[in-house]
Structure formats: structure tokens, C-alpha cells
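Asker: Chains as they are written, first to last, in the working numbering: chain A, 1 to 280; chain B, 1001 to 1280.
Honestly, the hints are just simulated from the structure, not real lab data.
Just so it is clear, CB atoms sit at the ideal spot from N, CA and C, and this is done for glycine as well.
Hints may contain errors.
Claimed, not checked - Here are some chain A residues pointing at chain B (derived, C-beta under 7 Å):
(1) GLN6
(2) HIS35
(3) ALA41
(4) GLN73
(5) THR197
Unchecked claim - Calculated Cβ distances over 12 Å to all of chain A for the following chain B residues:
(6) GLU1113
(7) SER1126
(8) PRO1133
(9) ASP1135
(10) ARG1142
(11) THR1157
(12) GLU1163
(13) PRO1167
(14) VAL1176
(15) LYS1218
(16) GLN1219
(17) GLN1220
(18) ARG1231
(19) ILE1245
(20) ASP1256
2 protein chains.
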Amino acid sequence: MRSRAQNAELALLLEVAGTPKPGNVDRERDLDDLHFEHFLAGAVGSQDGLRAAEAGASVGEAFETAVSGMSEQEGGNTQFGCLLLLCPLVKAATGGDLSQEGVREIVEDTTVEDAAGFYRAFDHVSVFVGEPPGDADDLDVRRGSDAIPALRDRGLTLYEIMEISAPADGVASEWVSGFERSFRTASRIEADDGPITDRAARAFLRALAESPDTLVAKQQGDEVASEVTDRAAELVEADASREAIGDFGDELVERDINPGTTADITAAGLFIALERGVSP
Amino acid sequence: MRSRAQNAELALLLEVAGTPKPGNVDRERDLDDLHFEHFLAGAVGSQDGLRAAEAGASVGEAFETAVSGMSEQEGGNTQFGCLLLLCPLVKAATGGDLSQEGVREIVEDTTVEDAAGFYRAFDHVSVFVGEPPGDADDLDVRRGSDAIPALRDRGLTLYEIMEISAPADGVASEWVSGFERSFRTASRIEADDGPITDRAARAFLRALAESPDTLVAKQQGDEVASEVTDRAAELVEADASREAIGDFGDELVERDINPGTTADITAAGLFIALERGVSP
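Work out the full structure, taking the sequences as your base and the hints as a guide.
Answerer: Shown next, in the form of C-alpha cells:
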């Protein structure tokens, strides 16, 4: 039987293989400097961190290890957000309670040391982030481990950092909502049929249709993020063909629009679905 | 840095992602019952066996563990032959001598117990094999672990089993030739440029062009295997377009021709190239 860490790694691989996932790298699409093979190497590289999470390491330590390994390829950030969801989910599964309640307990229990690990992860790879909230310049994640003294001064846990980030960040808002969208995505993948990669692609589009992608909002503004979500909703409503969804993807790529946060949630949903027994 | 086992797993993933690889599953092609996602799960599942090889397990034990994990997906045999090459290569790399001489030492040192592990691996998955040589019915690999008593009676090591199989099996002939084609493929991947998956696809076609694929020979006969090699050689010689190579692939799939042994050698070459520092 695959271990939890192996299911988490497989979730990363199945996520990037699912197609069409408009605007993102997938089995049928590379972006200019970010290719499919970078995601393959990123997934394999994440292994030690995911194994650490399964073996009982703290969320912050497991996450930093995973991001460090993920970064050993030339494409840059491939699965940072995915791993921020997967590390606590692996720990919840290992603890025997892979439920919204179970993962809520894991993330609420995080400490200032977990927050330090999270900040250290930014030393390994360049991640696109928005401006920090007005009063939190000293906590700007772009400072990486240099921000750790300020973090300790303020005594903020990783959960509290996520609370600060949640309004503008779809991964952080998973942390504070008990991974609501990740579990909803898992249920959709379970209820669907056909190859698991096709299910994942459909679940991605439904997730994109229900809520604006926060990476798109940070990179292109709220209006563009809302437009993308409305367009995805129209495609879902119309039960659009693969071709129509592919055309939408062509347009997004041309406009440099990458709904990466929705991909993160899809990977988290895939992990939960794999743990529940859905399998390639 | 990725571990040896991680490079071996990544080699499996890059191999299946390289396209076009005429007649085989690749990033752009699924076969009817054998899909890309089965190879992703097969690669992740192989992990424990590859880690065991790195940690010092015998070739037979590591191989059986790898095949057992690989088989935990619905597609059947995905990477049996690849793993039979990768297990000794991982051990050679771990021993500090990833060369033809180094891996030759590893395989020549295999024992009757390694052979028993190899036979047990057939209990986990159905593998297409030819008829055993005339005097070796009791050693038919299709008997799986039931053949182990005969194996012990005859006192055959895994290397000796490979010697018996080598004339008709391209993976076994790697074992007895010091992995000559695997190393040649690695050198081609190193000398080439562009994304590693494209290099792998080109190296696959060159390997197919130089020697008939033994899986094709077993499934379709020597004449078909020779024809496929001649056609591949024409494409290499003409520096054919991706499209022309893709058309050749369409024809092979239509005729149920899968040059799987050449894919095994490509995966072995990818591992060696990754160990030498080529990276996605």
C-alpha cells in the first residue's frame, strides 16, 4: 500500500497531469519557462518533506524540507502552495483523522517555530506574493528567514500568520476554514468517474468557477480574477467540450493568467481522494 | 540533492513524459488500458524498492519490493523492465562506481537468492514474456515463486538467469553486456540539448533505430521488430519532424506494436544522465 507521503507525492503528479486545466501547466501544456518536467522533479524532490510529515515532524519543518527539495529544478516555484496544504493533511491522515476537524486541529496546534520554518522556506525559492498588510512590513514573507526575529518578537504561530494572509490568499484561507474547498474537491473527484486525471481536471474547473483564484487576483487584479471565475462558471454550466475549455486555456496563457491557487486546492483534493481509496 | 533512489524514480517519470516515443505511452499518448497516470503511480510505488537498493538491499530483494509497489495501480505492468535495470544501477551509483565496470560487478555478484526475488516479482504483476528455452520449462518465469525450488536445485544466480534470457531479451542482454546500451543512451542525453524529456525522446528513437526491440520481437515476431527498427533508422537519418515521428507512432499503436524494451533502456539512460548532473 502506498504510504501517506507517497499518496501526497502522487497527488502532485496527478494534479499536473490532469488536462485541460486552463492557464496552468498540464499534460498538454508547458509555459515559457515552466515545464511539465519541472513539476515532475518538484514532486519527487518534495518526497523527503512529505515523509518527514508522515514520520511526525512539525508542519513547519516538514514544509521547509519539502520546499527545499521541490526547488531542485530549473523551473522555480512549482508546488509551494500545494505543499502548504499537503503537509498538514499528511499529518492529519497519519494521526488517523483525515477530516476537516482533524486537519483543523493540526493547523491550530502550529507554533512560532512552525512559522519560522514557513519563512525559511522562502529562502529556497522565489514565490509570487502580494504586498503584506499595512502594519506588517517586518513580516513580509519576501524577507525569508530575515523576518524570523520579528516573528518571534510578535510571538506569531503559523496558524496566526495564515489568519493574517487568509483574506487575500486562497491557500491560507483553507487553513482557517478547515480545508473546506480541499475536502469539497475530494468529494467531487470521488463522485465523478473515469480516469482520475480527468476527474481532477473537471474538479479544477469547478473550483475555479466557484471562487476567484487569489494568485490571479494578486498578479492581475480582482477584476480579472472575477472575470476568469465567471468564464469558468459559464463553461461548467454549459458542460463545455474539452476543446472549448482548451480554447479558454489558450486565452488565459496568452494573457499570462495562471490560476495556481486553484491548482493547489486540486492537489489537496486529490490527496484526500487517494487516501479515501480512489486510485489510478 | 536528490538521492539515488529519487533520481531513479525521476528517470521513470521523465521516460514516460518524453514524447513522441512511437508505440508507447507518453505525455501525448495513452494506450487502451494503459494510461499515463498508471505510470505515474507505478513510479511512485517503486520508491520503496529503489530506496532499499540505495540502502544496501540485494538486487533481488530491492527489485521484488519495487515491482510489488509498482503494481499498485490498475494498468498492470508499467515499469518491470526499467526496474530490472535501475536496481543494479542504483546500487552501482551508491557504491561510488556508476560505470559499465561498476554495474557489471554488481550484477555478476548476484546470487540464487537474488534469482528467487526476481521470480517472486512475477507473482505481483503479469508480464509479457516469451517461451522459456527448450530445456528450461521448470524455470518458466510465468510460474513465479513456484519455480523457486527448481531454481535452487539448479543453483542458478540471477546473473545466470539473465545469461539464459539474454539472446531473446534486451533487458537481460544489458545485464550481460555491462549495460552498454544504457550508458550509450545516457551519453546521447548528455550530449544533446533542450528539455531533458525531448532529449529522452530523441535518445529513445536512436536506440530503437540501432537494434530491434525484443518486446516487439516476442509479441509480433522478428520480422516486425526488424521492420520497426529500419523505419526508426530512416526517421533518425532523415532528422524527421515531430509530426513524422508522431505518424509513425500512430501506425505502431494501430498495429499494437509497443517497443517497451527500448523504453526500459531509455529510463536506465535517463538515470545515468541525472546522476551525471543533467537535470530538469
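Asker: Give a verdict on every hint.
Answerer: Here is what the structure says about each hint:
1. Against a cut-off of 7 Å between C-beta atoms, the interface hint on A/GLN6 holds, since the closest Cβ of chain B lies about 5 Å away.
2. A least Cβ separation of about 6 Å between A/HIS35 and chain B falls short of the 7 Å threshold, and the interface hint therefore holds.
3. A hinted interface residue such as A/ALA41 counts as satisfied when its beta carbon comes closer than 7 Å to some beta carbon of chain B; here the least separation is about 4 Å, so the hint holds.
4. With a cut of 7 Å, the hint placing A/GLN73 at the interface with chain B holds, because the nearest CB-to-CB distance is about 5 Å.
5. Using the Cβ-Cβ criterion of 7 Å, the hint placing A/THR197 at the interface with chain B is satisfied: the shortest such distance is roughly 5 Å.
6. Here B/GLU1113 stays apart from chain A, with its beta-carbon at least about 25 Å from theirs, past the 12 Å limit.
7. Every Cβ of chain A is farther than 12 Å from the Cβ of B/SER1126; the closest lies at roughly 17 Å, confirming the non-interface assignment.
8. For B/PRO1133, the requirement that its beta carbon stay farther than 12 Å from each beta carbon of chain A is met, with the minimum near 36 Å.
9. For B/ASP1135, the shortest C-beta to C-beta distance to chain A comes to about 40 Å, beyond the 12 Å cut-off, and the non-interface label holds.
10. Here B/ARG1142 stays apart from chain A, with its beta-carbon at least about 26 Å from theirs, past the 12 Å limit.
11. With a least CB separation of 31 Å from chain A, B/THR1157 remains clear of the 12 Å interface cut-off, as annotated.
12. With a least CB separation of 34 Å from chain A, B/GLU1163 remains clear of the 12 Å interface cut-off, as annotated.
13. Every CB of chain A is more than 12 Å from the CB of B/PRO1167 (nearest about 35 Å), matching its label as outside the interface.
14. No beta-carbon of chain A is positioned within 12 Å of the beta-carbon of B/VAL1176; the least distance is around 31 Å.
15. For B/LYS1218, the requirement that its beta carbon stay farther than 12 Å from each beta carbon of chain A is met, with the minimum near 27 Å.
16. No beta-carbon of chain A comes within 12 Å of the beta-carbon of B/GLN1219; the shortest separation is about 24 Å.
17. Distance check for B/GLN1220 against chain A: the nearest CB is about 28 Å away, which clears 12 Å, and the non-interface claim stands.
18. Remark: the non-interface label on B/ARG1231 is consistent with the geometry, its nearest Cβ contact in chain A lying 27 Å away (cut-off 12 Å).
19. Non-interface call for B/ILE1245 relative to chain A: holds, since the shortest CB-CB distance, roughly 18 Å, exceeds 12 Å.
20. Non-interface status of B/ASP1256 relative to chain A is upheld: no Cβ of that chain comes within 12 Å, the nearest being about 21 Å off.
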